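Engineer: If you want the building blocks of each chain, they are given just below.
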Amino acid sequence: MRQATTILSFATPGRGFTEITRDVARWVAETGIGEGLASLLCRHTSASLLIQENAARAVRSDLAAWFERLAPEGEHYAHDDEGPDDMPAHLRATLTGVSLAIPVIGGHLALGTWQGVYLAEHRHAPHRREIAIHLSGE
Amino acid sequence: MRQATTILSFATPGRGFTEITRDVARWVAETGIGEGLASLLCRHTSASLLIQENAARAVRSDLAAWFERLAPEGEHYAHDDEGPDDMPAHLRATLTGVSLAIPVIGGHLALGTWQGVYLAEHRHAPHRREIAIHLSGE
Amino acid sequence: MRQATTILSFATPGRGFTEITRDVARWVAETGIGEGLASLLCRHTSASLLIQENAARAVRSDLAAWFERLAPEGEHYAHDDEGPDDMPAHLRATLTGVSLAIPVIGGHLALGTWQGVYLAEHRHAPHRREIAIHLSGE
Chain A
1 MRQATTILSF
11 ATPGRGFTEI
21 TRDVARWVAE
31 TGIGEGLASL
41 LCRHTSASLL
51 IQENAARAVR
61 SDLAAWFERL
71 APEGEHYAHD
81 DEGPDDMPAH
91 LRATLTGVSL
101 AIPVIGGHLA
111 LGTWQGVYLA
121 EHRHAPHRRE
131 IAIHLSGE
Chain B
1001 MRQATTILSF
1011 ATPGRGFTEI
1021 TRDVARWVAE
1031 TGIGEGLASL
1041 LCRHTSASLL
1051 IQENAARAVR
1061 SDLAAWFERL
1071 APEGEHYAHD
1081 DEGPDDMPAH
1091 LRATLTGVSL
1101 AIPVIGGHLA
1111 LGTWQGVYLA
1121 EHRHAPHRRE
1131 IAIHLSGE
Chain C
2001 MRQATTILSF
2011 ATPGRGFTEI
2021 TRDVARWVAE
2031 TGIGEGLASL
2041 LCRHTSASLL
2051 IQENAARAVR
2061 SDLAAWFERL
2071 APEGEHYAHD
2081 DEGPDDMPAH
2091 LRATLTGVSL
2101 AIPVIGGHLA
2111 LGTWQGVYLA
2121 EHRHAPHRRE
2131 IAIHLSGE
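Protein chains in written order, with the numbering used here: chain A, 1 to 138; chain B, 1001 to 1138; chain C, 2001 to 2138.
Among the hints, erroneous ones may be present.
The following label-pair restraints were derived from C-beta to C-beta distances [unchecked claim]:
#: 1; chain 1: B; residue 1: Ala1058; chain 2: C; residue 2: Gly2016; range: 24 to 32 angstroms
#: 2; chain 1: C; residue 1: His2124; chain 2: B; residue 2: Glu1130; range: 35 to 43 angstroms
#: 3; chain 1: A; residue 1: His127; chain 2: B; residue 2: Gly1107; range: 39 to 47 angstroms
#: 4; chain 1: A; residue 1: Ala58; chain 2: C; residue 2: Ala2125; range: 40 to 48 angstroms
#: 5; chain 1: A; residue 1: Arg26; chain 2: C; residue 2: Gly2106; range: 21 to 29 angstroms
#: 6; chain 1: C; residue 1: Gly2034; chain 2: A; residue 2: Trp27; range: 18 to 26 angstroms
#: 7; chain 1: B; residue 1: Gly1032; chain 2: A; residue 2: Ala58; range: 44 to 52 angstroms
#: 8; chain 1: A; residue 1: Ala29; chain 2: B; residue 2: Glu1130; range: 19 to 27 angstroms
#: 9; chain 1: A; residue 1: Ser61; chain 2: B; residue 2: Ala1065; range: 25 to 33 angstroms
#: 10; chain 1: B; residue 1: His1108; chain 2: C; residue 2: Arg2002; range: 16 to 24 angstroms
#: 11; chain 1: C; residue 1: Gly2034; chain 2: B; residue 2: Ala1058; range: 45 to 53 angstroms
If you're looking for bench data, these hints aren't it; they were derived computationally from the structure.
Only a predicted model underlies this, so the values are computations on that prediction, with no experimental measurement involved.
Every residue gets a Cβ at the ideal spot worked out from N, C-alpha and C, and that includes glycine.
Extracted from the complex, chain A is given alone in its bound form (with noise of 0.2 angstroms):
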């Protein structure tokens, strides 16, 4: 067995979903390594991670939708350093979290026919967010 590690950066148009999908899958491919574990982590807090359906459209504007309802921007948060959209996008970031562990099978991310790897920027300004990946197998 071996390892390989890299730092991926992605640039997020601010609040909303960008696919990853094939670029950790492309990374994990020139590794070499084709059975294995792809293990990422979000290095932010105002950003996470999550697998969700790639297909459909609509879904990722409901998921908008109920990040809404369930962390509402607002004036009852003690933290807003940043502004409005600081302490949402913490608890936004908490409700999905940061770290995805995805087994590599047979040469592919193990991931089901309508699965995607989304990076879920939270702020409202567009951001440079980095992704650390470890994968070890063979």
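Based on these hints, arrange chains B and C on the given structure of chain A.
Structural biologist: Structure of chains B and C alone, referenced to chain A:
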């Protein structure tokens, strides 16, 4: 160190929780790896994985009621291709996540006394669900 | 590649967040593994793990208030064997999850500048909580 991978398949009876701890533990035991890490990925966007209390059944009914409150069925979703339980299922899968990693120590999954691994089915109808598992260790 | 496992134990002062980043980093450093993956499992169903902002304290008080809103104490739970904070604790543990994987790169946990690893205690009373950790690498 060495590794093993598999895909376990489970029939769910529709919405609810199926405990899969023993199935996972049995496969880990068969590999002969007694120290390592077991990583699980639910390959679906309307079913998910969680670790929760395995004793009191009321915990699961309260959990199901909580899912209903946080991600209710209704007319307010843009995405309803497969019916009113379609989008709430995606939201509930997002809430719990689809990826888990469990250390294996001394020949056993290092779960706490009261922890069980559950496959959560979020659709009304029965489904067949696949869990991809990666195990590395020695 | 080689691996190491341990179980770290923490005393929590009751409901709140205990930062465990340094404890985890210290153990990782002691193993001499400088490139790899550290996987953490909280072995409880009323406490959980999350990665969140480690600078502004107000983030944690807002986070605690948000847990209260999303999973309040009340009379509406079937499960209350251990009191009114029993079931809300299970729900909050489900919200954040009990499993995290963190790449180790260049001798350090590859966390972002503002990220800390927190053990979230969801019961009112102080508890002793165990975190199982697996580290593989070289």
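Engineer: State for each hint whether it applies.
Structural biologist: Hint-by-hint comparison with the structure:
no. : hint                                      : verdict
1   : B:Ala1058 - C:Gly2016: 24 to 32 angstroms : holds (26 angstroms)
2   : C:His2124 - B:Glu1130: 35 to 43 angstroms : holds (40 angstroms)
3   : A:His127 - B:Gly1107: 39 to 47 angstroms  : holds (45 angstroms)
4   : A:Ala58 - C:Ala2125: 40 to 48 angstroms   : holds (45 angstroms)
5   : A:Arg26 - C:Gly2106: 21 to 29 angstroms   : holds (23 angstroms)
6   : C:Gly2034 - A:Trp27: 18 to 26 angstroms   : holds (21 angstroms)
7   : B:Gly1032 - A:Ala58: 44 to 52 angstroms   : holds (47 angstroms)
8   : A:Ala29 - B:Glu1130: 19 to 27 angstroms   : holds (23 angstroms)
9   : A:Ser61 - B:Ala1065: 25 to 33 angstroms   : holds (27 angstroms)
10  : B:His1108 - C:Arg2002: 16 to 24 angstroms : holds (21 angstroms)
11  : C:Gly2034 - B:Ala1058: 45 to 53 angstroms : holds (47 angstroms)
The structure is consistent with each of the numbered hints, conforming to all of them.
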